[in-house]
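Modelling step: build the complete structure from the supplied sequences, incorporating the hints.
Residue numbers (my numbering), protein chains in the order written: chain V, 308 to 513; chain P, 22 to 547.
By construction, these hints were calculated from the structure, which means they are not laboratory data.
One or more hints might be untrue.
Only some residues are given here: those of chain P computed to face chain V with a beta carbon under 8 Å [claimed, not checked]:
| hint | residue |
| --- | --- |
| 1 | Ser159 |
| 2 | Gly162 |
| 3 | Asp165 |
| 4 | Leu168 |
| 5 | Gln170 |
| 6 | Leu175 |
| 7 | Leu177 |
| 8 | Arg184 |
| 9 | Ile186 |
| 10 | Thr187 |
| 11 | Pro189 |
| 12 | Leu190 |
| 13 | Pro193 |
Short, incomplete list of chain P residues facing chain V, as computed with Cβ under 7 Å [stated by the list, open to error]:
| hint | residue |
| --- | --- |
| 14 | Arg167 |
| 15 | Val171 |
| 16 | Ala173 |
| 17 | Ser174 |
| 18 | Gly176 |
| 19 | Asn178 |
Distance ranges between label pairs, derived from CB positions [to be verified]:
| hint | chain 1 | residue 1 | chain 2 | residue 2 | range |
| --- | --- | --- | --- | --- | --- |
| 20 | V | Thr434 | P | Leu527 | 53 to 61 Å |
| 21 | P | Tyr293 | V | Asp366 | 55 to 63 Å |
| 22 | V | Ala409 | P | Pro133 | 28 to 36 Å |
| 23 | P | Val258 | V | Asp412 | 28 to 36 Å |
| 24 | P | Leu132 | V | Arg454 | 34 to 42 Å |
| 25 | V | Asp411 | P | Val258 | 35 to 43 Å |
| 26 | P | Phe78 | V | Arg317 | 52 to 60 Å |
| 27 | P | Phe183 | V | Arg475 | 35 to 43 Å |
| 28 | V | Tyr320 | P | Ala302 | 46 to 54 Å |
A quick note: this is a predicted structure, and the numbers were derived from the prediction, not measured.
In this text, a Cβ means the ideal position worked out from N, Cα and C, and glycines have one as well.
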Amino acid sequence: MTVLEVSDLRIDYEGQVLLDHVNLTVGAGEVVALLGPSGSGKSTLLRCIAGVQRPESGDIRWEGASVLDIPAYRRGFGLVFQDPLLFPHRDVGANVAFGMKARDDNRVAHLLTLVGLSGFQRRDPSTLSGGEAQRVALARALAAEPRLLLLDEPFGALDTDLRERLVREVRSLLTSAGVPAIHVTHDRSEADAISDRVVTLAELTG
Amino acid sequence: MTSTTTRHTLWAALPLALVAVLVLLPVAMVVAVGWGPDALPVLTAPSTWRVIGYTTFQAALSTIGSLALAMPAAYALYRLRVPGRRMWLAILTIPFILPTVVVGLAFRELLPFPGTTAAIVVAHIFFNVGLSIRVIGSLWGHLDPRLEQVGASLGLNPFTTFRRITLPLLAPAISAAAILVLLFTFTSFGVVLVLGDPALPTIEVDIYTRAMQRLDLTGAAVLALVQFVIVAAAIVVSSIMSDRLAVRQRLGDDEMTRRLPQSPIERVATGYVVVLAVAVAVPMLSLVVRSLRVSDGWGFAWYAEAVSPTEGTTRSVSALSTLTRSLEYAGLATVIAVFLGVIATAGILAARRRGRWLDGAVMLPLGVSAVTVGLGLLLLSVRGPIDLRGWTVLVPLGQALVALPIVVRVLLPVLRSTDPRMRQVAATLGAGPLRAWWAAEGPIAARATAVGAAFAAAVSLGEFGATAFLVRLETPTAPVQIVRLLGRPGEANIGVATALAVLLLLLTVIIVSVAERIRPRRGGGW
Chain V
308 MTVLEVSDLR
318 IDYEGQVLLD
328 HVNLTVGAGE
338 VVALLGPSGS
348 GKSTLLRCIA
358 GVQRPESGDI
368 RWEGASVLDI
378 PAYRRGFGLV
388 FQDPLLFPHR
398 DVGANVAFGM
408 KARDDNRVAH
418 LLTLVGLSGF
428 QRRDPSTLSG
438 GEAQRVALAR
448 ALAAEPRLLL
458 LDEPFGALDT
468 DLRERLVREV
478 RSLLTSAGVP
488 AIHVTHDRSE
498 ADAISDRVVT
508 LAELTG
Chain P
22 MTSTTTRHTL
32 WAALPLALVA
42 VLVLLPVAMV
52 VAVGWGPDAL
62 PVLTAPSTWR
72 VIGYTTFQAA
82 LSTIGSLALA
92 MPAAYALYRL
102 RVPGRRMWLA
112 ILTIPFILPT
122 VVVGLAFREL
132 LPFPGTTAAI
142 VVAHIFFNVG
152 LSIRVIGSLW
162 GHLDPRLEQV
172 GASLGLNPFT
182 TFRRITLPLL
192 APAISAAAIL
202 VLLFTFTSFG
212 VVLVLGDPAL
222 PTIEVDIYTR
232 AMQRLDLTGA
242 AVLALVQFVI
252 VAAAIVVSSI
262 MSDRLAVRQR
272 LGDDEMTRRL
282 PQSPIERVAT
292 GYVVVLAVAV
302 AVPMLSLVVR
312 SLRVSDGWGF
322 AWYAEAVSPT
332 EGTTRSVSAL
342 STLTRSLEYA
352 GLATVIAVFL
362 GVIATAGILA
372 ARRRGRWLDG
382 AVMLPLGVSA
392 VTVGLGLLLL
402 SVRGPIDLRG
412 WTVLVPLGQA
422 LVALPIVVRV
432 LLPVLRSTDP
442 RMRQVAATLG
452 AGPLRAWWAA
462 EGPIAARATA
472 VGAAFAAAVS
482 LGEFGATAFL
492 VRLETPTAPV
502 QIVRLLGRPG
512 EANIGVATAL
522 AVLLLLLTVI
532 IVSVAERIRP
542 RRGGGW
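Written out as structure tokens, the structure is:
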């Protein structure tokens, strides 16, 4: 069953057409990897789906209903950037709990264990390594119980060993959580390892 | 290694001692006269506490108003692409450097409610809103907008995102702006004297009335001491608070890309900048208009009267002569302020890490207030070891001490930001230490000094707080003459005062725009 449907999307950047005629579907619980070179507009497409940017034309539908006029904070789409972007004024636990309706310390502990950082609740974000911070960002996104997870090269800034390990972990995490996801990357092997289906940007606009 | 350290310390210590003596002298005199059994009756009088309470009240209102009006403009100017950004920012910053009595007069003629607390607060906001915008905006412009997008993707609505993410991250800048505005408005003098209710004095006005009208120098010194203690306490509390508010956030060197306004709120914020800039420009323009309004229509009669006054009135001191005197004093004050400022900056830089506290010490006159500087020098001339009454150099000396912090604020960040490797490169190319320094830092140091001098000149020209205590009755400066004219009844006195204020305004704006033109585009500061 298709949950997300992007149809005939056009995105401009500084008055120039960046992407046109984009079509993409994501099924329930499906993890789709979106492959393409840097600067090709993958991230921008993701930002439009998340709702922090508006496309020029076309439609984005969730379970058949258009979400274009729904602001980002009501779409329920989690977004993880290439940088962890942890809130520097909150500790790790508070970062994870940020999107919860009511703070649930047991769930925070559970999610941190899930990403391999149990007991990190009181740590200051500035003391974390890049890999640790990115895993906290992932736990934070999952804590808000998104109906779709958008991952924008979340491992792009990490070294190869760590990246391969995290890709495996995240794959099993997504499978067990049953959350559909779009994972943007420019790395073919990463795309293969993490997803059920790999699409290239060229195919989407073709 | 040790010898280098010792040499640095020596280099720093000697000239700095000179600056320290001059800066601390007025304060020491105030302490010497105000500290003692004579202080008790003043301290226990209910009227004293009413004055302190009122001073705090109007300062708090002014600070809240300035910050509240600054926030949307800081957002628009530092986060959004606003057409004409530099012009709006320049207009909003001009008031900060304007002579206080000129602004006081402008609002007195413009507002329907002069002589009230509201009038004081409006004028204080006018002065400080630009400063608040710059302080808050410079942090806001460096905040990563994606943090807010993360907030949205976690389901937080824009209001909650602002309250839980943006506001805490901006807290250090907001509190820094708040303490600056609080300091300026707590120690504000010229504005309150011209615009306030005579029955509701602030500490500064009370010090002035006691010293200059009731000749109660001891009472004045006690109040100055009380004020010094309050200001010092406020600075300590604020530095503790800012340590607690400090967020370990990595800020980029460059400002984030400002984007075009999209949502209705963003468009409103952009429009608000224009409205605020116009609101700031109105008092200045209205003063010009007011100076041209004469009994039978419009004309330059007040300017004519300013140049060749009618004999036998307060105006018999030609306004033009007060302006030339102001320029002479300001020139001398600038020389003194730049001399002291260069010494202080060199000392702070030579003392390296230990210079941090010196950095604060030179800022002392900001908290001590111009009135205290004036009172201290007056006490020195009357009760000091040598009778200095009527010693003309006291006026520019007082003005120089008031301008000193600004000179250091301009010089220090620019010189701190110079790359030491530039000097090393010059040295490897065979330049001696002096030539290497000149090649690496000379031009920028010279420019920064020129900017500092221009600001010192502008401040001295409009200086009123210290000058009011030190100037001789028969040889007033332009700001002092304006206040004196306003104290007399009659349309002609107000007319000449506005004409004089406009001339002072023009001179100040010219000096400051020259400074902005030669200002080096790096370092931080104001």
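A quick look at each hint next to the structure:
Interface hint status for P/Ser159: violated, as the beta-carbon distance to the closest one in chain V is roughly 18 Å, over 8 Å. For P/Gly162, the shortest C-beta to C-beta distance to chain V is roughly 17 Å, which exceeds 8 Å, and the interface hint is violated. Using the Cβ-Cβ criterion of 8 Å, the hint placing P/Asp165 at the interface with chain V is satisfied: the shortest such distance is roughly 7 Å. Taken as an interface hint, P/Leu168 checks out: its beta carbon lies about 6 Å from the nearest beta carbon of chain V, inside 8 Å.
This hint holds: P/Gln170 has a C-beta 4 Å from the nearest C-beta of chain V, less than the 8 Å allowed. Hint status for P/Leu175: holds, given a least beta-carbon distance of 3 Å to chain V, under 8 Å. Nearest Cβ of chain V to the Cβ of P/Leu177: about 6 Å, under the 8 Å cut. The hint holds. Using the Cβ-Cβ criterion of 8 Å, the hint placing P/Arg184 at the interface with chain V is not satisfied: the shortest such distance is roughly 12 Å.
Because the beta carbon of P/Ile186 sits about 6 Å from the nearest beta carbon in chain V, less than 8 Å, this interface hint is met. Annotation: P/Thr187 was flagged as interfacial toward chain V, and the flag is violated, the nearest CB pair being 11 Å apart, outside 8 Å. For P/Pro189, the interface hint holds, the least distance from its beta-carbon to any beta-carbon of chain V being 5 Å, beneath 8 Å. About 6 Å separates the beta-carbon of P/Leu190 from the nearest beta-carbon of chain V, less than 8 Å, and the hint is met.
About 10 Å separates the beta-carbon of P/Pro193 from the nearest beta-carbon of chain V, more than 8 Å, and the hint is not met. Residue-level restraint check for P/Arg167 holds (minimum Cβ-Cβ distance to chain V is 5 Å; threshold 7 Å). About 5 Å separates the beta-carbon of P/Val171 from the nearest beta-carbon of chain V, less than 7 Å, and the hint is met. Annotation: interface hint on P/Ala173 holds; nearest CB of chain V at approximately 4 Å, less than 7 Å.
The interface hint given for P/Ser174 holds, since its Cβ lies 4 Å from the closest Cβ of chain V, which is under the 7 Å cut-off. Taken as an interface hint, P/Gly176 checks out: its beta carbon lies about 5 Å from the nearest beta carbon of chain V, inside 7 Å. With a cut of 7 Å, the hint placing P/Asn178 at the interface with chain V holds, because the nearest CB-to-CB distance is about 5 Å. For the pair V/Thr434 and P/Leu527, the supplied restraint of 53 to 61 Å holds, since their beta-carbon distance comes to about 56 Å.
The given range of 55 to 63 Å is broken by P/Tyr293 and V/Asp366, whose C-beta atoms sit roughly 34 Å from each other. A beta carbon spacing of about 51 Å between V/Ala409 and P/Pro133 contradicts the range 28 to 36 Å that was offered as a hint. For the pair P/Val258 and V/Asp412, the supplied restraint of 28 to 36 Å holds, since their beta-carbon distance comes to about 34 Å. The hinted range of 34 to 42 Å is not satisfied by P/Leu132 and V/Arg454, whose Cβ atoms lie roughly 56 Å apart.
The hinted window of 35 to 43 Å between V/Asp411 and P/Val258 holds, with their beta carbons roughly 37 Å apart. Evaluation of the 52 to 60 Å hint for P/Phe78 and V/Arg317 yields a pass: the beta carbon distance comes to about 58 Å. Here the CB-CB span from P/Phe183 to V/Arg475 is close to 38 Å, well matched to the stated 35 to 43 Å. V/Tyr320 and P/Ala302 have their C-beta atoms about 37 Å apart, which leaves the hinted 46 to 54 Å range violated.
The structure does not agree with the numbered hints 1, 2, 8, 10, 13, 21, 22, 24 and 28 stated previously, though it agrees with the rest.
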